[in-house]
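Asker: Protein sequences, first through last, are from chains W and F.
Each residue of the first sequence is one higher than the one before, counting from 1 in my numbering.
Each residue of the second sequence is one higher than the one before, counting from 1 in my numbering.
Hints were generated in silico from the structure; no laboratory data involved.
Each pair of labels, with its calculated beta carbon distance range: (1) W:I213 <-> F:R16: 52 to 60 Å; (2) W:G226 <-> F:R185: 47 to 55 Å; (3) W:A159 <-> F:F33: 42 to 50 Å; (4) W:T15 <-> F:R185: 32 to 40 Å; (5) F:S168 <-> W:G63: 27 to 35 Å.
Not everything, but these chain W residues come out facing chain F in the computed CB check (under 8 Å): (6) N71; (7) Y75; (8) F77; (9) D79; (10) W85; (11) V95; (12) D98; (13) L126; (14) R128.
All C-beta atoms in this analysis are idealised placements derived from N, C-alpha and C, irrespective of residue type, glycine included.
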Amino acid sequence: MDIRLDAISHSYGDTEVLRDISLDIPNGKIVCLVGPSGCGKSTLLRLIGGLERPSKGRVLQLGSPPEGCLNTLTYVFQDFALLPWRSVQGNISLVLEDHGIKGAQADAIITDVLARTKLSDFSKALPRQLSGGMKQRVAIARALAVKPAVMLMDEPLSALDSQTRELLMDDLVALWTRQSFTAAYVTHNLAEAVRLGHRIVVLSRRPGEIREIVEIDMPLADRSHGNAKLEQVQKHLWDMMRDEARAADEELLDV
Amino acid sequence: MSEATLPSQPIEVRFRGGGFAPKARRWVGLFVFVLLIGITEIGTRQGWISSLTLPKPSDVLATFGELWESGLLFKHLIPSLSRLAVGATLGASIGIVVGIMIGLFSYVRAGMVPLVAAIFPIPKIALLPLFVIWFGIDEASKYALIAFGTFTPTVVATYGAVDNVDRSLIRMGQSFGLSWLSIVRKIVLPGAMPGILSGLRISLAIAIILLVAAEMLGAEYGIGAYILEAGSLYDLERLFAGVVILSLLGVILSTVIGFIERRILGWRA
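Model the full assembly from the supplied sequences, consistent with the hints where possible.
Answerer: Take a look at the structure:
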């Protein structure tokens with residue numbers, strides 16, 4: 001299933017945050033959204049998933065979601081959003097219960113997603129017992145459990161330290177290589193964007209407009225840390241964004 | 001600072017961290033009680049605390065013993081406990097329901113918050129005659145008074161607790177397509193539980209205070225009636241025996257809530 005953004009504009013009161021965004025998120029690809037802070041990339045993700053309504057324009061689903069899909073558009077949040085009073089297992093069963101999936105059927109799904117995220121030994125643990133990286137893997141496992149058509153990842157690695165981030169990037173690549181998923185991936189980290197993105201969308205500062213779309217056709221599995229070609233793309237992205245990022249940084253916040 | 005006063009010896013960095021982290025100190029609470037009672041006992045025995053100021057703790061204990069032996073203790077305690085149980089349960093449960101409604105629905109909030117703010121500062125004891133007219137002189141008016149007094153603090157604590165539930169968890173629930181009822185039941189309620197329970201600590205203490213007030217009116221038996229009777233006769237031993245029972249009741253209720261907190265809020269630690 002593809003997602004198409006059709007001339008999306010959005011404002012909060014008098015503040016225009018997004019202007020005329022048209023974009024395709026093709027099936028089986030990871031589209032990274034990058035841009036200076038406050039450019040509305042997280043807002044755009046909330047619009048895609050229906051957590052907010054765009055002021056203008058539409059978000060369209062093209063084609064039907066895969067079979068067995070329980071929640072077409074599924075988020076992975078920066079702050080993990082795990083229920084602290086439920087175990088790892090309980091946090092995943094939370095999103096299955098409402099679809100009437102209980103007992104053995106739920107256990108099978110939970111066992112499968114925990115194995116895919118290498119969490120099988122921690123199913124009984126509470127979130128407070130887990131490290132940041134593990135918490136985010138639980139959140140990814142929870143997202144996988146509902147067999148989403150599109151994953152909406154809102155800076156999923158930004159709350160983690162750089163070593164954990166590196167490890168989780170490898171995990172995400174492995175997950176995608178085993179079974180490709182569709183994702184819109186918001187990040188301010190260009191290294192993440194060039195590692196994970198098949199297509200990188202660069203937004204300008206507020207009001208966010210698409211400045212450029214960079215396609216990287218190197219397979220995800222071949223993209224290692226410190227790859228020369230990726231470094232080049234990353235430098236190109238940074239050159240494009242540097243001045244905007246500086247200007248955005250010096251802007252007064254009164255939204 | 002001039003060169004000459006600079007010390008040549010290295011100075012160890014002064015420790016200035018630590019503190020502000022309460023730790024469990026088991027026996028200190030008991031020690032404070034024992035110390036205060038011990039001082040009173042010695043003072044009353046030696047005469048530097050006159051018997052008009054405070055009764056001898058040992059005499060209070062003896063009075064307590066008589067109460068126990070004569071069976072009067074339970075004659076007073078059981079009606080009090082049932083009044084407390086019925087009134088507090090009524091007030092706290094209605095309070096929790098209304099508090100949750102205020103937390104969830106803007107119209108209920110707009111309508112109820114000013115009303116609760118208006119009711120809260122009324123000394124409920126002042127309404128006692130009104131309750132007698134409404135509910136009669138027997139048990140119902142006592143239940144109503146205690147319920148009314150527990151209701152307001154419970155409401156305030158509950159809607160504050162609901163307001164404090166992490167919104168990002170609610171957005172998460174919505175993003176996974178959870179139904180409204182599931183979000184309330186599985187995210188809002190457990191998230192509000194810590195605040196509701198700590199509100200209950202206050203509400204239940206207020207319920208005990210109001211128990212005595214409720215028994216001021218036409219109660220033959222009850223801890224409150226017992227204290228009031230002793231007070232009007234200036235029988236300090238019996239007065240204190242009654243007060244000790246109320247204090248014990250407060251300690252027991254607070255312990256029970258602490259136990260519940262440890263059981264159902266184990267995820268916080």
